[in-house]
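Protein chains in written order, with the working numbering: chain U, 6 to 266; chain G, 66 to 333.
If you anchor each label on the Cβ, the simulated ranges turn out as follows:
hint : chain 1 : residue 1 : chain 2 : residue 2 : range
1    : G       : 272       : U       : 32        : 27 to 33 Å
2    : G       : 81        : U       : 201       : 52 to 58 Å
3    : U       : 174       : G       : 132       : 49 to 55 Å
4    : G       : 276       : U       : 215       : 44 to 50 Å
Derived by calculation from the structure, the hints in this document are not laboratory data.
Glycine included, each C-beta is placed from N, C-alpha and C at the ideal position.
Below, each chain spelled out in residue letters.
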Amino acid sequence: MAMTSVPMDSMRKTALVAGVLYLITFLASIPAVFLLGPVLNDPNYIISAGADRQVTLGAFLDLINALACIGTAVALFSVVKRQHEGLALGFVTTRLFEAAVIVIGIVSILSIVTLRQPGATGVEATSLVITGQALVAVRDWTFILGPGMAGLNALLLGTLMYRSRLVPRIIPTLGLIGAPIFISSQIGLIFGINEVTSLWSAIGLVPIFLWELFLGLWMTFKGFKRSAPLMVEAAAEAGSLDRSATAIPSRTVVATEEGAA
Amino acid sequence: MAITSQTTATKRLPTDSWRKLALAGGVLYLITFLASIPAVFLLGPVLTNPFYIVSAGADSQVLLGAFLDLVTALAGIGTAVALYPVIKRQSGAASIGFVTTRMFEGAVIVIGVVSLIAVVNLRQAGAAAGTDASALVAVGQGLVAVRDVTFLVGPGLMPGLNALMLGYVLYRSRLVPRIIPAMGLIGAPLFLVSATLSILGVNEQVSVLSGIALPLIFFWELSVGLWLTFKGFRPSAVAALASDSGNEVVSATGVLSPIAVATQAGAA
Chain U
6 MAMTSVPMDS
16 MRKTALVAGV
26 LYLITFLASI
36 PAVFLLGPVL
46 NDPNYIISAG
56 ADRQVTLGAF
66 LDLINALACI
76 GTAVALFSVV
86 KRQHEGLALG
96 FVTTRLFEAA
106 VIVIGIVSIL
116 SIVTLRQPGA
126 TGVEATSLVI
136 TGQALVAVRD
146 WTFILGPGMA
156 GLNALLLGTL
166 MYRSRLVPRI
176 IPTLGLIGAP
186 IFISSQIGLI
196 FGINEVTSLW
206 SAIGLVPIFL
216 WELFLGLWMT
226 FKGFKRSAPL
236 MVEAAAEAGS
246 LDRSATAIPS
256 RTVVATEEGA
266 A
Chain G
66 MAITSQTTAT
76 KRLPTDSWRK
86 LALAGGVLYL
96 ITFLASIPAV
106 FLLGPVLTNP
116 FYIVSAGADS
126 QVLLGAFLDL
136 VTALAGIGTA
146 VALYPVIKRQ
156 SGAASIGFVT
166 TRMFEGAVIV
176 IGVVSLIAVV
186 NLRQAGAAAG
196 TDASALVAVG
206 QGLVAVRDVT
216 FLVGPGLMPG
226 LNALMLGYVL
236 YRSRLVPRII
246 PAMGLIGAPL
256 FLVSATLSIL
266 GVNEQVSVLS
276 GIALPLIFFW
286 ELSVGLWLTF
296 KGFRPSAVAA
306 LASDSGNEVV
316 SATGVLSPIA
326 VATQAGAA
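Work the whole structure out from these sequences, hints included.
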């Protein structure tokens, strides 16, 4: 069965996979921040006793997060491209970019673990500390530029979800309102005129956080709304396999108009 | 609107162009082998000598190795891009998934490439810049550590996910003999588990597992590359996929265009 025909039960599966992957991004990325605490906060971690198991697990959770990020876009692509293929592909690319940036941070952290473990050979402690701090600085910036993509993700997927009505419109509305504030706060961070703990950042982060969380929960537990035009189409398509094609269009058009009204 | 553009995209792909896509996909698979294997040896000096950055160096050899890694990264993405127009007819999700896992792998490989090129640049500039040798060595080891980790996370992990995505599509569609994707699909979970354990640093238990997983993944990729290059897709599978999507296009244009109009009107 190729992509043009997507039966209803496969729509439910798609929503479930995408929803679960959204929830995995939360379940992986939040503990990771705490697990990485020792290496992020201790400037001398690279010459300390270390907490390598914990740090490695944190980096691994970040990797899970990065791959799950891509997975959300891959899972949704075949559905939301029916709404707008350009926006749908755009969402795949922003998710991929986000994951690629996150993985730069992951390899930086894991490199610190590598350098600490055997104790790098023939190097003074101070040189090692500077190298370690540089790698942490790289990770800190990837944390701004990578997860900072959430703003663009919200603009792209939020528009698709708002237009398609696949989930209640209040959910993408949160993302679409949050996105410009979030993006401005991230740009503020880059130029050093904003801080992670500022009110500006918080106002940007909260709606984006809730948009992703509610989207994940809704898709996992409720699936896509059956009244959404895309879903009506998919149902009509599945129906057209055993009914005559002429009878279908009038019925679906009526249904779509009802849904849109 | 989205629907009409989609139907034109799926509509006609003459079967002789399928042979070209198979050839491109196959050759690119073979290029990933021809580029990545010599690269490991060429990069030997910088990877194994902790003092490379203050040594006499073997820069042109190392740069060639880094360049071959770059070729591997791009050819890897190319395999997915070349096969995408064909395999998306079997599964849109797995096909775009394969493109993304290949791109992610390419992005990770490039982090390693730029790290090693940075080591070469620092070696050439280091002495002149009046840097303390010990500091330079530490930075060099840091950059090589980055490259080592990218090797674990990129070529060490992603072929498992690639095999799941492409293996699934090729197995379902029978575009190549099923024994080929079967190797990949059996190898993939073992490969992913052993890669995960390597990343988590529990290397001791890995050797047996990777001893089974690695040959399976290796021969899956090699045989896909060889088959696609010299044989192309199996004609019966091509015929099935082509007629399948042909029917859907007809039904799609008949049924869906009024809805597209209605949706557009509703959205306006």
